[in-house]
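Colleague: Residue-level listing of the chains:
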Amino acid sequence: MLRRLKRGLYRHRWLLMRRIVQISILLAFTVHIPGYGKIADGNLSSSLWFGELKLTDPFILLQSFLAGSSIALPALLGAILVGGFYAFFAGRLYCSWVCPINLLTDLAYWLRKKLKIKGNMSLSRSLRLWILALALALSLFGGTLAWEMVNPITRFQRELIWFSFSGAMLLGALFLFDLFVSRRAWCGHLCPVGAFYGLIGRYGRLKVTATPSESCDASGCSRCMTVCPEPHVLAPVVSKQAQAVTSVDCTRCGACLDECHEGALSMKLDLVGMVTRKVDE
Amino acid sequence: MAEDKRHNKANLEDPAKRDTFRTLFKRFGVVLVGTIVGQSMILSRPARAAEALRPPGALPDLDFDSACIRCGLCVDDCPYDILKLASWAGPAPQGTPYFVAREEPCRMCTDIPCAKACPTGALDRHMTDIKKADMGVAVLVDHETCLNYKGLTCSICWRVCPIRDEAITLEPVQSEKGKLLIPTVHSDKCTGCGTCEKHCVLSEAAIRVLPRELGLGLSGRNSVGRS
Numbered sequence: 001m002l003r004r005l006k007r008g009l010y011r012h013r014w015l016l017m018r019r020i021v022q023i024s025i026l027l028a029f030t031v032h033i034p035g036y037g038k039i040a041d042g043n044l045s046s047s048l049w050f051g052e053l054k055l056t057d058p059f060i061l062l063q064s065f066l067a068g069s070s071i072a073l074p075a076l077l078g079a080i081l082v083g084g085f086y087a088f089f090a091g092r093l094y095c096s097w098v099c100p101i102n103l104l105t106d107l108a109y110w111l112r113k114k115l116k117i118k119g120n121m122s123l124s125r126s127l128r129l130w131i132l133a134l135a136l137a138l139s140l141f142g143g144t145l146a147w148e149m150v151n152p153i154t155r156f157q158r159e160l161i162w163f164s165f166s167g168a169m170l171l172g173a174l175f176l177f178d179l180f181v182s183r184r185a186w187c188g189h190l191c192p193v194g195a196f197y198g199l200i201g202r203y204g205r206l207k208v209t210a211t212p213s214e215s216c217d218a219s220g221c222s223r224c225m226t227v228c229p230e231p232h233v234l235a236p237v238v239s240k241q242a243q244a245v246t247s248v249d250c251t252r253c254g255a256c257l258d259e260c261h262e263g264a265l266s267m268k269l270d271l272v273g274m275v276t277r278k279v280d281e
Numbered sequence: 001m002a003e004d005k006r007h008n009k010a011n012l013e014d015p016a017k018r019d020t021f022r023t024l025f026k027r028f029g030v031v032l033v034g035t036i037v038g039q040s041m042i043l044s045r046p047a048r049a050a051e052a053l054r055p056p057g058a059l060p061d062l063d064f065d066s067a068c069i070r071c072g073l074c075v076d077d078c079p080y081d082i083l084k085l086a087s088w089a090g091p092a093p094q095g096t097p098y099f100v101a102r103e104e105p106c107r108m109c110t111d112i113p114c115a116k117a118c119p120t121g122a123l124d125r126h127m128t129d130i131k132k133a134d135m136g137v138a139v140l141v142d143h144e145t146c147l148n149y150k151g152l153t154c155s156i157c158w159r160v161c162p163i164r165d166e167a168i169t170l171e172p173v174q175s176e177k178g179k180l181l182i183p184t185v186h187s188d189k190c191t192g193c194g195t196c197e198k199h200c201v202l203s204e205a206a207i208r209v210l211p212r213e214l215g216l217g218l219s220g221r222n223s224v225g226r227s
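Chains as they are written, first to last, in this note's numbering: chain A, 1 to 281; chain B, 1 to 227.
Wrong hints could be hidden among the right ones.
Part of the chain A face toward chain B, derived, beta carbon under 10 Å [as the list claims (entries may be wrong)]: (1) LEU44; (2) THR154; (3) MET169.
Lysine to any residue pairs mimicking SDA-like chemistry, simulated, CA-CA at most 25 Å apart [said to hold, decoys possible]: (4) LYS26(B) x PHE177(A); (5) LYS131(B) x LYS177(B); (6) LYS132(B) x PRO162(B); (7) LYS26(B) x ARG183(A); (8) LYS54(A) x GLU103(B); (9) LYS26(B) x PHE141(A); (10) LYS26(B) x LEU136(A); (11) LYS189(B) x LEU59(B); (12) LYS116(B) x ALA28(A); (13) LYS26(B) x LEU123(A); (14) LYS38(A) x ASP81(B); (15) LYS26(B) x ALA28(A); (16) LYS6(A) x ILE23(A).
I should point out that these hints are in silico values taken from the structure, not numbers from a laboratory.
Note that this is a predicted model, so its numbers are computed, not measured.
Backbone N, C-alpha and C define an ideal beta-carbon position, used for all residues, glycine too.
For reference, chain A alone in the conformation it holds in the complex (with noise of 0.2 Å):
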C-alpha cells in the first residue's frame, strides 16, 4: 500500500512540483497572515515579496514603453531580475510554473481527456505570435496597455486578490474553448505572454535532455510526446535527431519526465553548452 503510494508520488513527482510551486504562488499574493500581512504584494504585472524584493513583468512594462510611457527605475530592475532569470533558464518556466490560468487549462485539458472529447478545431502554434505583435502594436497605436484589456492572468489574480467578478465570463469561456472546442487552445495556441517569454528564453539553460538509452530505442513508446502540452518538441529528441528539447515552445513542465519509466529524460541546466558554444563561436 505505501509501496503504491510512494511510486504514486514519484510518477507524479513532476506534477505535484509544479503544483507546490503554482499554488504557493497563488496563495503568496492571496492569504493574509495575521501580523504580517501578505507575502506578495501587487500581482503578476508587478510585485513587492517580503517587502523588499521588487519584480516586474517585462512584456507589461514593454506594452507601456510602446503605449509611450517612461520607464521609471523600479519597474526597470524588476523586469531586468524577471526577464533575466527567464533568459537564464528558460522562458515558458513561467508557463507551466508561475501563471495560475495554467491550473484551469490543465483542468480543462483533463476533463476533456476523462470526458473523452474528440472534437478539436486546429489553431495554429504561431497563432500566439501574431497575437504578441497585435498586443504590441495596438499598445503603440492606442496609448494603452492593449494585452491588460483581456490579459486573462492579471484578471484571474485580480478576482482572486480583490474579490471582483466581472471578469469571470471570460475565464469561463477561455475554459470551456479548451474544453469543448480547441485542445489546449489557450496556453499551447493563442496566449502572446507565454509566447513572449518563449522569445526571451530562447537560450535559455534549462533542457529536457535524453540520456542514450537502450530501453528507450527498444520500446519505442514516445508516451512522452502524447502526454507534452508542445508535442512537437520531443519530436527531435525522440527521433534521435537532437540530444535535447531546444525549442522556445517548451514549459519544462516535467510531464515528459512523469511519464517516461525508462529513465531516458532528464531537466538538466546545461552550462556546457554555454560554454562550449561561445567557443564555437
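Fit chain B to the known structure of chain A by using the hints.
Modeller: Using the frame of chain A, we list chain B on its own:
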C-alpha cells in the same frame, strides 16, 4: 496589349503563386481585422468616469493610462482600503486604481504610502507633501439643495475639510433670506480628497469632487472671451 493579357493570365494560373497570394491576403486580412477590432475595443472602452478619482500624485489621464501597469501595489498599500482596481465593467480603464469620494474619500496620509508603492511613476513616488496632491477639485454643484444656501448653518463640508479654512472657507453673503454663510472652495488649496462630498448630509451630495478640467472655468488672455 494582347500579349500582356495572356502573360497575366499565365501568372495567375500558376498554382504556387496563387497559394502565395492566398496566404498573403489571408495574413493581411487577419492583421487588418485584428487592428480594427483591437482599435475599436480600445476606443470603445469608456474613459475614466468623473466620479472615479485617481490616487494622489497621479499623472494626467492619458499619461496615466499608459504608465500604470495595473499591479495594484497602491491598492495593497492603502491603509484604509479605499482604492480599488477597476474591473471589466468599472468606471475607469480596466485594472487601474481609483476611488469614489462619496463611498470612501482619500484620508490624505502624510507619508503617502500609495504613491510610494508605485513602481512605474504613474503615481509620483517622490511626492512629499500630500497637500500638493491633485485628485480633483471640490465644487459646490447644487445651490438649490445646499442647506447653507437655504439659510441654515450646516457647514459640514467646511468642518470636515482636512485643510479647513484654506481649501473651504465660509463666506458671509447678505441676501433677502438674511445673512448666508456660503461654503467656498479655493481651488489652489483643494486636493480633491473628497471628504466634503462624503459627509454632505443630503441624500445626493451638493458638493462633489470633479476632475479639474470639468470642475473649473479658465479665463483666457482676456478675462472675457474664449481664447
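Colleague: Indicate, hint by hint, whether the structure satisfies it.
Modeller: Checked hints:
Interface restraint check for LEU44(A): the shortest CB-CB distance to chain B comes to about 8 Å, inside 10 Å, so the restraint holds. The interface hint given for THR154(A) holds, since its Cβ lies 6 Å from the closest Cβ of chain B, which is under the 10 Å cut-off. The beta carbon of MET169(A) is positioned within 10 Å of a beta carbon in chain B (closest approach about 8 Å), and the interface hint is therefore held. Taken as a hint, the LYS26(B) and PHE177(A) pair is honoured in the structure, with Cα atoms around 24 Å apart against an allowance of 25 Å.
Distance hint between LYS131(B) and LYS177(B) is unfulfilled; the C-alpha atoms sit about 36 Å from each other, more than 25 Å. Between the alpha carbons of LYS132(B) and PRO162(B) the distance comes to roughly 13 Å, so the proposed pair stays at or under 25 Å and holds. A distance of roughly 24 Å separates the Cα atoms of LYS26(B) and ARG183(A); the hinted pair therefore holds under the 25 Å criterion. Of the pairs offered as hints, the one joining LYS54(A) and GLU103(B) is violated, with about 31 Å between alpha carbons and a cut-off of 25 Å exceeded.
Distance check on the hinted pair: LYS26(B) and PHE141(A) sit about 22 Å apart at the alpha-carbon level, within 25 Å; holds. With a CA separation close to 20 Å, the supplied pair LYS26(B) and LEU136(A) stays within the 25 Å bound. Distance hint between LYS189(B) and LEU59(B) is fulfilled; the C-alpha atoms sit about 19 Å from each other, no more than 25 Å. Under the criterion of a C-alpha separation no larger than 25 Å, the hint pairing LYS116(B) with ALA28(A) is consistent with the structure, at around 22 Å.
Note on LYS26(B) and LEU123(A): the hinted pairing holds, with a Cα-Cα distance of about 15 Å set against a maximum of 25 Å. For the given pair, LYS38(A) sits about 14 Å from ASP81(B) by alpha-carbon distance, which is consistent with the 25 Å threshold. Taken as a hint, the LYS26(B) and ALA28(A) pair is broken in the structure, with Cα atoms around 45 Å apart against an allowance of 25 Å. Annotation: proposed proximity of LYS6(A) to ILE23(A) holds, straight-line Cα distance about 22 Å (limit 25 Å).
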